[in-house]
Amino acid sequence: MQVVSLFNYVTFFLLDAVIDPVQLLAITLVFVCIIAGMLFFILLYLIRRTGRSMRRRSLREQYSNCISELAVCETNDELQSFLQQPETLTITALLQHDAFARRIIITELLKTVKNMSGNAAANVCWFYEQAGLQHDSLFRLQKGAWHVKARAIQELSGLRQNKYIAKIYRHTNNSNELVRNEARTAVIKLTGFEGLRFLDVATYPLTEWQQLCLLHELSLHSNRIFDGVQRWLQSPNSSVTEFALRLVEVYHLHACYPNVIDCLKHASKPVRKKAIAALKEIYTPSANEILVERFEYEDADVQILILQLLQEFATEAEQLFLLQQLTHQQQEVKVAAARTVYHTQPAAEQLIKQRVNADEYPWTVLLPQLKQEVAL
Amino acid sequence: MKILVAEDEPIMLKTIALRLRKDGYDVITVDNGREAIEQIDQQNPDLIITDIMMPYSSGLEIVGKVKAPGQRNIPVIVLSAMGQENVVVEAFNLGADDYITKPFSPNELSMRVKRLAKTA
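Protein chains in written order, with the working numbering: chain Y, 1 to 376; chain E, 1 to 120.
Derived from the structure by calculation, the hints contain no laboratory data. Think of the CB as a built atom: it goes at the ideal place given N, C-alpha and C, for glycine as much as any other residue. Don't take each hint at face value.
Stated by the list, open to error - Listed next, the in silico EDC-like pairs over lysine to aspartate or glutamate satisfying Cα-Cα at most 16 Å (straight line):
(1) Y:Lys163 - Y:Glu129
(2) Y:Lys273 - Y:Asp262
(3) E:Lys22 - Y:Glu129
(4) Y:Lys269 - Y:Glu208
(5) E:Lys2 - E:Glu61
(6) Y:Lys334 - Y:Glu349
(7) E:Lys22 - Y:Asp262
(8) E:Lys22 - E:Glu108
(9) E:Lys65 - E:Glu85
(10) E:Lys22 - Y:Glu298
(11) E:Lys67 - E:Asp46
(12) Y:Lys280 - Y:Glu312
(13) Y:Lys114 - E:Asp8
(14) Y:Lys111 - E:Asp8
(15) E:Lys65 - E:Glu108
Stated by the list, open to error - Not close to chain E: a few residues of chain Y, all C-beta gaps over 10 Å, as computed:
(16) Ile42
(17) Lys163
(18) Ser222
(19) Pro236
What the hints assert, rightly or not - According to the in silico footprint, chain Y covers these stretches of chain E (three or more CB under 8 Å from chain Y):
(20) 24-33
(21) 52-58
(22) 86-93
Model the full structure from these sequences, guided by the hints.
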């Protein structure tokens, strides 16, 4: 109670002493005006936003009818008569001067091409060109911010504008990660394996995700050209080398074997790991000796990969090396070595028992487990 | 012959419907799974084309309902952007008669409908 009365006393004292009641009224009025102004702008903004979203909805509805008719046209005559329809003429006339309408229809066309193939997709791409919408995308590719550029690249590649490949290609080494990723994916989408030539000049790294996206795009093309792979395996950009190793692995490029062997000595650990993975797919017996030689220079995780590879390919010549690894300092390496011995030696159990104390942990647990694993 | 098309993407829905009407079929269109189930009960279609990813009920739920024991065995074509083996296998396990992965050609769909229409 005392605290409240003290607060009131201080407040009234300050009002009397510091602020004149007329001033207080003026300040109140200023704040009321600011709040009213803000509310007015919020209202204007909401009205504009609602208007735009209603217009977007109505344009989408109008375009969906038009695009579905376009998609089912089967002959040139049908396409020409589609262009002459009053509804199509109204749409194309609107597109000439309305940038918002152009953006909406491009989005709808792109969505359609993603869902349809064959004649339907070809018709949609044809209309994109007929309506001159590619100029809109090109303008945004040249002048836009990074996200506008990335979107424009998606549009041009999605709607199969092969003739603008050079303009897209320029962005494959763009300083912005998203723009260059889109451009790299786009050149593969448009030209298949030929598009990989951007790897010759790529100075920025290819992320793991980008590499997977490129491999996916490549899988949709059948004209397989691998002219540059040996060059990319020696690229100063280690992510390019990694990607080239992925190509060797996926497409079993045996001709690249010497370059893959060189990659086992690469300064970058991810490259060395990828080289081991690639080697599995293009294996030749001479690789064993090289892998055994490299083993002592590697970290435990790479050593485990080498042992896993030898699990499939080790011969009698590598058995001594494998048995020596049973006394490795790192537990994981020890286990990987034992697993490899089990997979490559019929008398593995006896050989391991000669080297280690089978009554001691972890062998007491590990040996029955490995035995069971091999039996499966 | 009456065909029910369930697809939530308006352009796809209209394109499929237009293509099938051109082929002379009577087409009913719905844009969500719940409405699809209602229309199956009310309209009793001879063939169903359904997308998998739809609001309220998925295409797989529709297949499961149509192919449940005791139901009239209406042929179902499943459309999907999901080409993963497990989804395709699940659709066929539920009793789907055909599976088309997007992107697809409306002409190809038309041919598959004709083939199934013969057996319906």
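* To do: Take a quick look at whether lysine 269 of chain Y and glutamate 208 of chain Y sit within 16 Å of each other, Cα to Cα.
  => Within the cut-off at roughly 14 Å; holds.
* Asked: Going by Cβ atoms, does proline 236 of chain Y stay more than 10 Å from chain E at every point?
  -> 38 Å, holds
* Restraint check for lysine 280 of chain Y with glutamate 312 of chain Y, where alpha carbons must lie at most 16 Å apart -> 9 Å, holds
* Hey, lysine 22 of chain E versus glutamate 298 of chain Y, does the alpha-carbon distance stay inside 16 Å? -> Violated, at roughly 67 Å.
* Starting from lysine 22 of chain E, check that the Cα of glutamate 129 of chain Y is at most 16 Å away, please. => Violated, at roughly 26 Å.
* **isoleucine 42 of chain Y non-interfacial with respect to chain E [C-beta, more than 10 Å]** => 31 Å, holds
* To do: Take the C-alpha atoms of lysine 111 of chain Y and aspartate 8 of chain E, compute the straight-line distance between them, and say whether it is at most 16 Å.
  => 13 Å, holds
* Does the structure keep lysine 2 of chain E and glutamate 61 of chain E at a Cα separation of 16 Å or less? -> Cα-Cα ~21 Å, so violated.
* Below or equal to 16 Å on CA atoms is what counts here, so check lysine 65 of chain E against glutamate 108 of chain E. => 26 Å, violated
* With a cut-off of 16 Å on the C-alpha distance, tell me whether lysine 22 of chain E and aspartate 262 of chain Y pass. => Distance of about 61 Å is beyond 16 Å: violated.
* Does lysine 273 of chain Y pair with aspartate 262 of chain Y here, judged by a C-alpha cut-off of 16 Å? -> 12 Å, holds
* Given coverage of the stretch 24-33 of chain E by chain Y, tested with a Cβ cutoff of 8 Å and a minimum of 3 residues -> Not satisfied, violated; 0 residues make the cut.
Consistency with the previously given hints fails for numbers 3, 5, 7, 9, 10, 15, 20, 21, 22, ordered from lowest to highest.
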